[in-house]
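Visitor: Read top to bottom, the protein sequences are chains A and B. Each residue of the first sequence is one higher than the last, beginning at 103 in the numbering used here. Each residue of the second sequence is one higher than the last, beginning at 30 in the numbering used here.
Simulated from the structure, these hints should not be mistaken for lab results. We treat Cβ as the ideally placed atom computed from N, Cα and C, and that holds for glycine.
Once the Cα atoms are required to be at most 20 Å apart in a straight line, the calculated EDC-like pairs of lysine to aspartate or glutamate come out as: (1) A:K477 with A:E488; (2) A:K477 with B:D79; (3) A:K238 with A:D316; (4) A:K449 with B:E76.
Quick partial rundown of chain A residues pointing at chain B, CB under 10 Å, derived from the structure: (5) Q144; (6) R165; (7) V395; (8) P469.
For reference, the chains in residue letters:
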Amino acid sequence: MQPGVVIVGGGQAGLEAAAGLRTQGYDGTVTLICEEPHAPYQRPPLSKEFLTGKQEIDRVFLRALAYYEKQRIDLILDQRVTEINPGAKLVHLSGGGTVPYAQLILAVGARNRMLPAPGAENVLYLRSLDEAVTLKQRLAEARHGVAVIGGGFIGLEAAAAARMAGKPVTVIEAAPRLMSRAVPPVLSDFFLDLHRAHGSEVLLNTVAVEVRPDSVLLENGRRIAADLVVAGIGVIPNVELAQTAGLGVNDGIMVDEYMRTIDPAIFAIGDCADHPNVFAGGRARIESVQNAVDQAKCVARVIMGRPEPYRDVPWFWTDQFDVRFQMAGLSGAHDQFVLRGSIEARKFSVFYFKQGRLLAVDSVNRPGDHVTARKMLAAGTPLTTEQASDETVDLKRLAAAG
Amino acid sequence: MGTTVMENAVKNGIEGIVAECGGAMLCATCHVYVDPAFVDKLDPIGEEQDEMLGATAAERKPNSRLSCQIRMKPDLAGLIVRMPDRQY
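So here's chain A without its partners, still in its complex pose (with noise of 0.2 Å):
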């Protein structure tokens, strides 16, 4: 047999990838190669609608086991591809064998960084199903705290289904506030107010020197008493197969704005790809779904010999408590932001403009907003500042006339 496509990652990137491969037409071969013994499965939910009990587990998956039979998408579970040979054109198994490939689809995530201190062993984290499951019966165990190390979305959802479980909560965070790589100060502060009006404790400008089996020791010399510790700072993206490979390597795996690295064959997308990006005004790499789902479009495309270059907008969810939080567009370079809705209210958006151009909308609770903005973005509509704060402007009605 021809030797076909293959893709290293059974995460949403990989997924959709072979998925998109199919739907466009494609008729070679499809090979799946997943890391762990699982089928390719959502991630949001495992720190969401699964941790907080509104979803079973088996709902996380991706597809239905029948659809790869029909597919003819070939799911190889449980092994890893210990190295590439981008002469020979084939990919080594950690299970022995090997697989030729015509083009080669780097989806290979990042892994969680690991928490720098004495006692890590007694740490949870959360990014794959196997350490939902975990964490989720170990916070039904919990009796006396838990403590969650790092303020950022995984922290934050871990640390709301925590209190939603009726748990004592401590988050403990280095930086001075919250999702501080994410958010600028305002929404920092809304949610630090929300997970304090929900009866957590949250210590900023706070590391952890130690944990131990019954607490977390802080450098200020407190002791946080708690039976279980989650720790959510941050993931290391996978770039040894590529950069063994002799493929560019920085802060993910280097690729154009078509997700070709420098070898012609091989490709990367999602959470590992260093891309350009329009919206970053530069490059970037982008952990998130939509970034996965459409960078695995953009090369199914490329491909299929139909290139279009990536530039799709980035958007981004998180749920904490009873806010729906949804990010359109990256706020980083903004010189201005204004405020639609009320933050009292818990149902507001703010808009954020570089030189008065529309950059990034975060909306709390206010999702209509969010998917205008989304459409907004995409086509560059023109918007003012005083059009964004103004309730009586209709803003998908700008939207459907771009």
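Chain A is fixed; fit chain B onto it per the hints.
Guide: Chain B in isolation, oriented as in the chain A frame:
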């Protein structure tokens, strides 16, 4: 807890329902038109779904729903939904 129309469609590779958010009600790309015979058997449209239905790519009709919000239950047996011409 029954599964949703969106889940059943996506997990089995039925094209026309995109559901890029995986059913979290934030993308409006699993829009369907529910056959009139079944509309009265559906749960009422919540505020959030109402807002999202206002943002669908294809025209919103009275029988428009997000298929991630249609949970299968016995009186929906034989349910017929039609796909809009586009989801983006």
